[in-house]
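Q: Residues in the sequence shown are numbered consecutively from 1, following our numbering.
None of these hints come from the bench; they were simulated from the model.
Among these hints, one or two may not hold up.
Claimed, not checked - Simulated pairs of lysine-lysine, DSS-like, Cα-Cα distance not exceeding 27 Å:
{"#": "1", "residue 1": "Lys79", "residue 2": "Lys56"}
{"#": "2", "residue 1": "Lys355", "residue 2": "Lys283"}
{"#": "3", "residue 1": "Lys174", "residue 2": "Lys98"}
{"#": "4", "residue 1": "Lys98", "residue 2": "Lys39"}
{"#": "5", "residue 1": "Lys144", "residue 2": "Lys185"}
{"#": "6", "residue 1": "Lys39", "residue 2": "Lys56"}
{"#": "7", "residue 1": "Lys39", "residue 2": "Lys79"}
{"#": "8", "residue 1": "Lys39", "residue 2": "Lys21"}
{"#": "9", "residue 1": "Lys21", "residue 2": "Lys283"}
{"#": "10", "residue 1": "Lys43", "residue 2": "Lys21"}
{"#": "11", "residue 1": "Lys215", "residue 2": "Lys355"}
{"#": "12", "residue 1": "Lys185", "residue 2": "Lys174"}
{"#": "13", "residue 1": "Lys323", "residue 2": "Lys79"}
{"#": "14", "residue 1": "Lys215", "residue 2": "Lys144"}
{"#": "15", "residue 1": "Lys215", "residue 2": "Lys174"}
{"#": "16", "residue 1": "Lys144", "residue 2": "Lys21"}
{"#": "17", "residue 1": "Lys79", "residue 2": "Lys283"}
{"#": "18", "residue 1": "Lys98", "residue 2": "Lys283"}
{"#": "19", "residue 1": "Lys79", "residue 2": "Lys98"}
{"#": "20", "residue 1": "Lys98", "residue 2": "Lys323"}
{"#": "21", "residue 1": "Lys185", "residue 2": "Lys98"}
{"#": "22", "residue 1": "Lys43", "residue 2": "Lys56"}
{"#": "23", "residue 1": "Lys43", "residue 2": "Lys79"}
Unchecked claim - Here are the in silico distance ranges between beta carbons for each label pair:
{"#": "24", "residue 1": "Pro180", "residue 2": "Asp64", "range": "22 to 32 Å"}
{"#": "25", "residue 1": "Ser131", "residue 2": "Arg65", "range": "28 to 38 Å"}
{"#": "26", "residue 1": "Tyr13", "residue 2": "Glu368", "range": "42 to 52 Å"}
{"#": "27", "residue 1": "Ile51", "residue 2": "Leu377", "range": "41 to 51 Å"}
Think of the CB as a built atom: it goes at the ideal place given N, C-alpha and C, for glycine as much as any other residue.
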Amino acid sequence: MKNKLFYSNPITYVGFENCVKYAATVFSPELIVSANYTKNNYKSRAIPEFIERVGKYDCDAFLDRVEGINLFTEFMIFKNAVLHDNAPNVQLNMLEIKIIILALIYYSNSNSADSVACRNLLDIYNIDDPSFFEEASFFRFEFKGVLIPYRVVRFVLLTTLDGITAYSQASVIKCTRGLPRVFQKASISEIYYLFIEIRIIFFEGNSSRFYSICKHLISIAKKSDHDFFQRYNEFSRNYLTLSTASYSSDNLSQAEETIVNFQVYSSAKGINILLSDTESSSKSIVVLNAYIGFLTNELIRSLLSTKAKKHISFCSHQGINVKSFIVDVNKVNSLRDSFNLSFQNIREMHHELFKRFYISRWGVSSSEYNDWVSQFLLKSRYTISFYRNETLFLIYYL
């Protein structure tokens, strides 16, 4: 019996537009259609040109890229569907979800909504292009007059949340030469002090961006009646049941794999036990990372409760995670709408969890706070993207 997820069907006008965008983003800009077309004539004017471009494209160039074999196989499957006049399946990704939620929390931690440095990325950028991370002031960090690339700042942020020490971070970057040329000859000790500066700005010390939010998270984690505490313990005992999909180069198709039980939290410990096992200086990082995971998993739970669940599967070649989706190209907009609604839900959840904290901090009434939350929830522009998340420096995983 043919799986409904992979049932081939003619491509719609909206599906075709997404198909071209996907091909240009993931494979090559050379696949963009040059002909002007409309909903009434796209089948006669644009599809033939697109089929020709896809058919002639030299996919051997993929083999020189990172993950080139997977990309080559993916293109061959995509090409096979297009040449047979079928709607291909495409991959959509939660772009930098952990970084995005970190930024969301930081915005709420600010009591200066008019300050450029305190604005939330979700409210001022249309996040469908990874280049915005390079432009956002939140991630810009200079050291001795040199701008440190976002990929390095990102590496420090994510690995710090994972509990990696500054010295280990410096050792990885030294081995992979990830710093700007001016720092290429820097010693591990010099890189270490650079990374300490980044950690101090974001996480460590009374003046860090996340100090007060982490302090509050630790305080509420100790109260058994608080939602975060209750949900953390509940999640540690529960699983999400997911279907995964992989690419098959043998028959140029995608096949559904075995259902996977994905544990929402990798630790079975409650938050208090987790904190009791942690050194005092690291408690803030532990609870912040747990809270980011809490919001991320709430996002997935919300998405899987929508009608989008029947249209999607998850990418097994990305690992057993829920950050990448495979969907019929005709259903891309529907999935995005469902995702946007789910993301709004976790923003609202975050603001509700911290309502008393912010009302007290800002000296506003409950109704004023609710109006403020409603105003900014309407601005959220974060959505799933055709762009792929870049791997952290590869040696980190070796």
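Q: Can you list which hints this structure breaks, lowest number first?
A: 4, 9, 14, 15, 16, 17, 19, 21 and 25
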